[in-house]
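Counting in the numbering used here, the sequence shown runs from 15 upward without gaps.
These are calculated hints, taken from the structure and not from any lab test. Mixed in with the good hints there might be a few duds.
[Unchecked claim] Cross-link-like lysine-lysine pairs, in silico, DSSO-like; alpha carbons within 30 Å at most:
id: 1; residue 1: K39; residue 2: K27
id: 2; residue 1: K82; residue 2: K26
id: 3; residue 1: K39; residue 2: K26
id: 4; residue 1: K82; residue 2: K39
id: 5; residue 1: K82; residue 2: K27
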Amino acid sequence: MSIHVVAVFAVKKGSEDAAAAALGKLIGPTVAEEGSLDYAVHQDQDDPTVFATVEHWASRDAFEEHTKTPHLLECVAAMGDLLVAEPRLHFTQLLDPGPRT
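Work out the full structure: start from the sequences and follow the hints.
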């Protein structure tokens, strides 16, 4: 069963550009990973110190493999001093995909 992961990051004021750069470097390598179905980085419109990755994985195992990749570990190291709190991870599943137009 596929899963969606929403990871929310709160960073220190003034470090928004560094956080955006670190998270942005994840996009290319992550979408190329086996089991990655979609991956996007978002920044909150009302609070620019809040970022989120919205991810769709083929399985929880695929996500777990992602957490071991060099590009994610590099991002974790780069984000370490920028964060004001531990990232919040939300593992979700789509309840009703409904018709899409």
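Hints and how they fare:
In summary, the hint linking K39 to K27 is supported, as the alpha carbons are separated by about 20 Å, within the 30 Å threshold. Distance restraint check for K82 and K26: the Cα-Cα separation of roughly 26 Å lies within the 30 Å cut-off, and the hinted pair is therefore satisfied. Restraint check for K39 and K26: satisfied, since their Cα atoms lie roughly 19 Å apart, inside the 30 Å limit. At most 30 Å may separate the alpha-carbon atoms for a hinted pair to count; K82 and K39 meet this at roughly 16 Å.
The straight-line distance between the Cα atoms of K82 and K27 is roughly 29 Å, inside the 30 Å bound, and the hint therefore holds.
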